[in-house]
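Could you build the full structure based on these sequences and the hints that come with them?
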Amino acid sequence: MKRRIYGTLVVLALAGAACGGGDDEGDGAETAEATAEATAEATDDAATAEATDTAATAEATGEGLTIALGSEPTSLDPHTVDDGGERAINDNIYETLLARDENGDLIPGLAADLPTQVDATTWEFTLREGVTFHDGTPFNADAVVASVDRIVRLVAETKTQNDGFFGSLTGATKVDDVTVQITTAEQDGVLPARMYWLKITAPGTESSDDLSEAPNGTGPFKFVERVTGSNIDLAANADYWGGAPSIGSVRFEFAEESATRLAGLSSGKYDLITNLAPQDTGQAPQVLTAQGQEHPNFILDVDEGITSDPNVRLALNLAVDKDAIVETLFGGFAVVDAGQHLSPSILGHNPDLTPFPYDPDEAKRLIEEAGVAGETIQLVGQAGRWLKDKELIEATASYWQEAGLNVQVESLEFGAYLDVLFDRENRADAIFVSSSNDILDPDRQLSTYYQAGGIGSSNSDQALSDLIDQGRQELDAAARDAIYQEAVKIAYDGAYFVWTVNNEDVYGASERLVWTPRVDSKLLVKDMSLS
Amino acid sequence: MATFLVRRLLQGVIVVVAAAIFVFVATRAVGDPVDFILPLSASEEQRENLRVELGFDRPMSEQFVDYAGDVARLDFGESTYLNDDALTVVFDYLPKTLQLVGFGMLISLVTSVPLGVLASRKPGGRLDKILTTASLTGLSMPQFFLGQVLVAVFITRLTWFDPGPGPWHKNLVLPAICMALPAVGRLAMTVRSAMIEELNSQYVKVARAKGMPARRVSGVHALRNAGIPFVTLYGWELIRALAGYTVVVETVFAWPGLGFVLIQGIKERDFYLVQASVFVVAVLVVVISIVIDLVYKALDPRVQLS
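Those sequence lines, one after another, are chains A and B. Under my numbering, the first residue of the first sequence carries the number 1, and numbering increases by one thereafter. Under my numbering, the first residue of the second sequence carries the number 532, and numbering increases by one thereafter.
None of these hints come from the bench; they were simulated from the model. Bear in mind that the values here come from a model prediction, so they are computed numbers and not experimental data. All the given hints hold, so there is nothing to weed out.
Quick list of in silico lysine-lysine cross-link-like pairs, DSSO-like style, CA-CA up to 30 Å: (1) Lys174/A <-> Lys159/A; (2) Lys390/A <-> Lys798/B; (3) Lys736/B <-> Lys653/B; (4) Lys828/B <-> Lys736/B; (5) Lys741/B <-> Lys653/B; (6) Lys798/B <-> Lys522/A; (7) Lys159/A <-> Lys798/B; (8) Lys390/A <-> Lys489/A; (9) Lys390/A <-> Lys364/A.
Pairwise CB distance ranges (calculated): (10) Val814/B <-> Asp209/A: 28 to 34 Å; (11) Glu102/A <-> Val596/B: 54 to 60 Å; (12) Glu102/A <-> Ile794/B: 32 to 38 Å; (13) Ile794/B <-> Ala324/A: 30 to 36 Å.
Ideal Cβ positions, reconstructed from N, Cα and C, are used throughout, including at glycine.
Written as structure tokens, this is what we have:
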């Protein structure tokens, strides 16, 4: 009788759970099925009979690995979203006309060579031959024209977040099967870098608004399946023109919390995790790093207020102990910023600039000399968006306080913070921002933060602005380099920002993973192997 | 019975409509998602264009009329974060949440009842003290903390389990325990006090006086009556788990359910995803509460459903 009542309760509870559709059994089965399904799907599809071969070969030749990303791709369309999760996946499926080597220099990708200029607004690319898309379609000039036409249309119809990258493109023309000309609205020195960013899709895709369902590229990995929220599986492309990858298959999973990713690495589920927190590096079986593009800094109002005095701006730089920040906040996984937003891997990086030293006495002296000791400086920041942002803002505020200023920190919610960052009328004295550069072209950061009128810039320096315009239009890479070096030196000499550190990209890896992270942060599985 | 169901369903509709209105107001109160969709370097013009395209430049009243019409047709729009139909996204992620809640609530059921009964045997006794303390510890531990402790000990150190999606014995057990623990504490305490009350009531004394074995008295008569407050609280826990705990637990364990994606949606101000999620969860809550009432009736025939 007791058993019966207890049984009744259990049944009722189950009913409660089931009315929500709870199904514990399904769970285990579901994941187990994933792989089986993947194979089955490949077999089902007549058009990809060859995919079955690949999967089979892959299983025979290369082991699989699992990578945990911090966020799920918001789409698998290669052109519509600007999203690190999407890139982590699609960088393995799709390719671009140009690629970058380990130093960040542009090299041919799907193009056979670097482009040549036909006239000021026309660039000609010669294409690699013998490349095919995963569905068997040959790669040729039609594919390039389709990709360029698609992005031009998506930008025009505001259906892409990537207009900042591709807004200058106007179209592409096929010269012959392996030659294509790409045109820009104005003289555009950034074009080669843009072609490192534009993923090439198959002919016929130009009219499509959404390619997320069936990614089809020329890259070393083929799309197998996506289980929303759970995982995305890719399999090696045995026919890859650059040679079949050593990894047979790769699964991507998503875990927002750094501690959760680390836990999965420790338990052996993951072989590679992104954005390993500095405090967790001691626990990872293997830590891999690359000097990345992230430069947390403070934008100073050069034109008005307390920071309009160049000596005060210099003092704010001298007051901050960057070495201490590198060690204590970032656990050594950063280098002191050499007074510029450009990492050494980017064109325009000025190797002659050295970090402002830590000189608290001189800082204090300058503040007093400027007659602003004890005055209030407003520091606007945002907590939680970037690595250790809150701690970095607090540390800097206390250094400035020590230098004799009254620092008023405003830590805002992201939307409110953006309102301050974008406010063209009233620039805050100091705004914290972590500047990054995905495309590895200096124009991106300089036109945003250095150029007068740029969305995050707080100066009205016309000479600097002219240089940035000039750099954008210059077509010769060496000449561009010189122009940008001069531009960053102007901002350095005038201390337009307070620079702190240049973060390293930190990855946690299993013992067996062999890989060197890249300066452009791309997770190219073809470069990975298992020992 | 029929009148009861009709009335409860009507009430349910009101609840869902109220939730839909609330979520509209709450999301609009924080601004619009344009800044989150576009990269930092987008120009003001691009921002304005997108704002117009998404309709966030129009008066709130107009937006609301459109929204009401869309909701009535179960059209929740396109998720701006995941670039897919918002309702489809919700149904993609919901099964994992239901698994987690179902398993977690099963754990809390099969542990809290025996614990509560054991503790009620000798109120103030050693076993009671231990169980009461343990329950209080469980229910007073915030889940984000408990979750991280479980991750650090059982996944990172002992490597018995994995984070993320996967087979239930490797991936679901731990988040389900994390989900269940606070509820176990509260439920066990309820069973305990209800049992103590029942065991002191007249009918139990009569049963004992008649010579009925203690085991049978507490197991059959008292437990059945103690089940009534238990079911009320259990339903409440089920609703809290579904509508609240999942967000924390799924994030800590990277279990890809609705809470896991919803937190991203909120961060990125994906109004459409948030609206669709709240709507679906509101419907589930209504359904669960009706089921709880029916269970209540089954346990206690004296309850009048009309």
